[in-house]
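Student: One line per chain: the protein sequences are A and B, in this order. Per the working numbering, residue 1 is the first one in the first sequence, and the count goes up by one each step. Per the working numbering, residue 1 is the first one in the second sequence, and the count goes up by one each step.
Simulated from the structure, these hints should not be mistaken for lab results. Given the structure is predicted, the values throughout are model-derived calculations rather than measurements. It cannot be assumed that every hint is accurate.
As the list claims (entries may be wrong) - A few chain A residues facing chain B, derived, Cβ under 10 Å: (1) Tyr13; (2) Phe28; (3) Val45; (4) Val46; (5) Tyr61; (6) Ser88; (7) Thr90; (8) Trp91; (9) Val97; (10) Val100; (11) Val101; (12) Arg102; (13) Val103.
Said to hold, decoys possible - Under 10 Å between C-beta atoms, here's a sample of chain B residues computed to sit facing chain A: (14) Thr7; (15) Thr8; (16) Pro10; (17) Ser46; (18) Val54; (19) Ile67; (20) Trp74; (21) Gly105.
Ideal Cβ placement from N, Cα and C applies to all residues, glycine included.
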Amino acid sequence: MSAPRSERAGLYYPKLPNTWWLKNPRYFRFMIREVTSVFIAIFLVVLLVELYQLSRGPDAYAAFADRLRSPGWILFHLVALAFALYHSVTWFNLTGVVQVVRVGERQVPPALVVAGAFAAWGAVSLAILLLFLMRA
Amino acid sequence: MTSHNKTTEPFWWGLFSVGGVVAAFLVPIHLILNGLAIPLGWISVSPASMAALVRHPLVKIYLFVLIALPLYHWAHRFRFILEDLGLHGMRTPLAILCYGAAIVGTVLTIWVLLSL
Chain A
1 MSAPRSERAG LYYPKLPNTW WLKNPRYFRF MIREVTSVFI AIFLVVLLVE
51 LYQLSRGPDA YAAFADRLRS PGWILFHLVA LAFALYHSVT WFNLTGVVQV
101 VRVGERQVPP ALVVAGAFAA WGAVSLAILL LFLMRA
Chain B
1 MTSHNKTTEP FWWGLFSVGG VVAAFLVPIH LILNGLAIPL GWISVSPASM
51 AALVRHPLVK IYLFVLIALP LYHWAHRFRF ILEDLGLHGM RTPLAILCYG
101 AAIVGTVLTI WVLLSL
């Protein structure tokens, strides 16, 4: 990169090609993990648009809900689900490293913290599903 | 600007972290529910019952947490994706653009939820 670096002139930037993350599977997985946030954000914007259509009335909502039935949107939501699951799994795996849980003087083993996070995720997901089915 | 970035960095990182937790816990089930199960007809919901559900104040607060907080998670990660792809020289404009988009998203979320 030959861009000016006036803001942080004192820092050293190694000259990497912009495709550095394709060189090593680890770097590639890192980039995939970062990109999950893009798919999650797009899904949430779609959800917000859905709520906006709901605020405009039942007809506007029904028309929008109809559009979400198209194969293109189903495919998008499938791909976004794969990325979202990757975010959840990598995030909960990291809780064992980041979050030190102590009981009294003793530290809970990181593997147990991770297992707890996954169990909590399952419980929360099930609760949302059941609440939705009961109320809607 | 450097000193300014240094003082606000923990704030944005905190929002990134909270947004990451919210996204990890809540987004997959909503993708299955709102993105697949309802459109594919596994669950049928009438517009009237959906409207009644989202008008509940607690549901509105929940939707705010679900939609707005992960936007800051996105902003933080997307900012560094762009930097990692070679835009080092544009650190401050990228930060303003990404966090600014998340703030706009937050305002829009509040506006939509209040107009329901």
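Student: Which of the stated hints cannot be reconciled with the structure, identified by number in ascending sequence?
Tutor: 2, 9, 10, 11, 12, 13, 14, 15 and 16
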